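Undergrad: Sequence:
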Amino acid sequence: AKTLEILGALELHGYNKIDDNTYPNLIPFLTGLSAAELSDVCHSNSSSYYDHCRFIRDDFKRKGYSTLFSEDSASLGLFNYFKPGFDRQPTDFYFRTMLHEMECDMAHEKVGNYKLCLGNRLVFDVFNKGYLQKFIRSTSNHPTFSFFWTSSMTHDYIDYPLLIDDDLSDLLLFMKNEKFLDNSIVFLLADHGLRWGEFREKTFQGMAEERLRKNTLNLKIQEN
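Following the numbering used here from start to finish, the sequence shown increments by one per residue and tops out at 420.
It is worth saying that the hints were derived from the structure and are not from the lab.
Computed from a predicted structure; not experimentally measured.
Among the clues, some could well be false.
Claimed, not checked - Lysine-lysine pairs mimicking DSS-like chemistry, simulated, CA-CA at most 25 Å apart:
(1) Lys-257 x Lys-330
(2) Lys-398 x Lys-257
(3) Lys-213 x Lys-198
(4) Lys-311 x Lys-325
(5) Lys-375 x Lys-259
(6) Lys-375 x Lys-398
(7) Lys-213 x Lys-279
(8) Lys-330 x Lys-311
(9) Lys-372 x Lys-198
(10) Lys-325 x Lys-259
(11) Lys-325 x Lys-198
(12) Lys-375 x Lys-330
(13) Lys-372 x Lys-330
(14) Lys-259 x Lys-279
(15) Lys-213 x Lys-259
(16) Lys-306 x Lys-198
(17) Lys-311 x Lys-279
(18) Lys-325 x Lys-398
(19) Lys-213 x Lys-330
Could you put the whole structure together from the sequences, leaning on the hints where they help?
TA: Right under this line is the structure:
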């Protein structure tokens, strides 16, 4: 939070979650459609690929931007967890192919849903310093639309994000020092809070996060 204040970040006070898990929360951000609307338009069943779906990045691609889609989990990815993913590489830069091979051969130390290590490095470290920061440096003189999503250290346990807090701060300061922020718009966001455990049930913050979705649904009902 302190680093964001230093950078003069604007907080989106009206931002809240739409549903309980990642997919229905990120699909509107990436497509402008709800998950149900996307199914009606281009993803009619659980076995159909997403290649024919229109994403916001496609508009930028037509304007000459390079595109990137990168997550720090291949097996639990947004379009691959109980979903078929893409038949063809969806963006110019696509981390999943390489990450999938690394997960098969090098991943270990499973905690919760995620294997946190690749060899002697955290998955997040490979994702951040091994890929994200190198991408920023290599494309600094070319317009890009990139989507980076990390969940390995933030999804299952409330205290684990503390382990990468300094890394995220360093990343934002790196982007500033590399003058990447001089001509870029960066959205730093999450998809939902913890969905189980005592934090959700017995703390004010946990109960507030749980009720965000219910309030959103109630507002929709009243509007209709």
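Undergrad: Could you run down the list of hints and mark each one as holding or not?
TA: Verification of the hints:
With a C-alpha separation of about 21 Å, the suggested pairing of Lys-257 with Lys-330 holds against the 25 Å cut-off. For the proposed pair Lys-398 and Lys-257, the alpha carbon gap of about 46 Å is over 25 Å, so the pair is violated. As the CA atoms of Lys-213 and Lys-198 are separated by approximately 24 Å, the hinted pair is consistent with the 25 Å bound. Using a Cα cut-off of 25 Å, the hinted pair Lys-311 and Lys-325 holds, with the two alpha carbons roughly 18 Å apart.
Restraint check for Lys-375 and Lys-259: the C-alpha separation of about 23 Å stays at or below 25 Å, so the hint holds. At roughly 43 Å between alpha-carbon atoms, Lys-375 and Lys-398 are farther apart than 25 Å, so this suggested pair is violated. For the hint pairing Lys-213 with Lys-279, the CA-to-CA distance comes to about 21 Å; that is within 25 Å, so the pair holds. Distance hint between Lys-330 and Lys-311 is fulfilled; the C-alpha atoms sit about 23 Å from each other, no more than 25 Å.
For a cut-off of 25 Å, the pair hint linking Lys-372 to Lys-198 stands: about 14 Å separates their Cα positions. Taking the CA atoms of Lys-325 and Lys-259, the gap is near 29 Å; set against the 25 Å cutoff, the hint is violated. Only pairs whose Cα atoms come within 25 Å are accepted, and Lys-325 paired with Lys-198 is accepted, the gap being roughly 22 Å. The straight-line distance between the Cα atoms of Lys-375 and Lys-330 is roughly 14 Å, inside the 25 Å bound, and the hint therefore holds.
With a C-alpha separation of about 15 Å, the suggested pairing of Lys-372 with Lys-330 holds against the 25 Å cut-off. At roughly 30 Å between alpha-carbon atoms, Lys-259 and Lys-279 are farther apart than 25 Å, so this suggested pair is violated. Only pairs whose Cα atoms come within 25 Å are accepted, and Lys-213 paired with Lys-259 is rejected, the gap being roughly 30 Å. Annotation: proposed proximity of Lys-306 to Lys-198 is violated, straight-line Cα distance about 31 Å (limit 25 Å).
Our distance criterion of 25 Å between C-alpha atoms is met by Lys-311 and Lys-279, whose separation comes to about 20 Å. For the hint pairing Lys-325 with Lys-398, the CA-to-CA distance comes to about 37 Å; that exceeds 25 Å, so the pair is violated. For the hint pairing Lys-213 with Lys-330, the CA-to-CA distance comes to about 31 Å; that exceeds 25 Å, so the pair is violated.
The structure fails hints 2, 6, 10, 14, 15, 16, 18, 19 (numbered hints given earlier, in ascending order).
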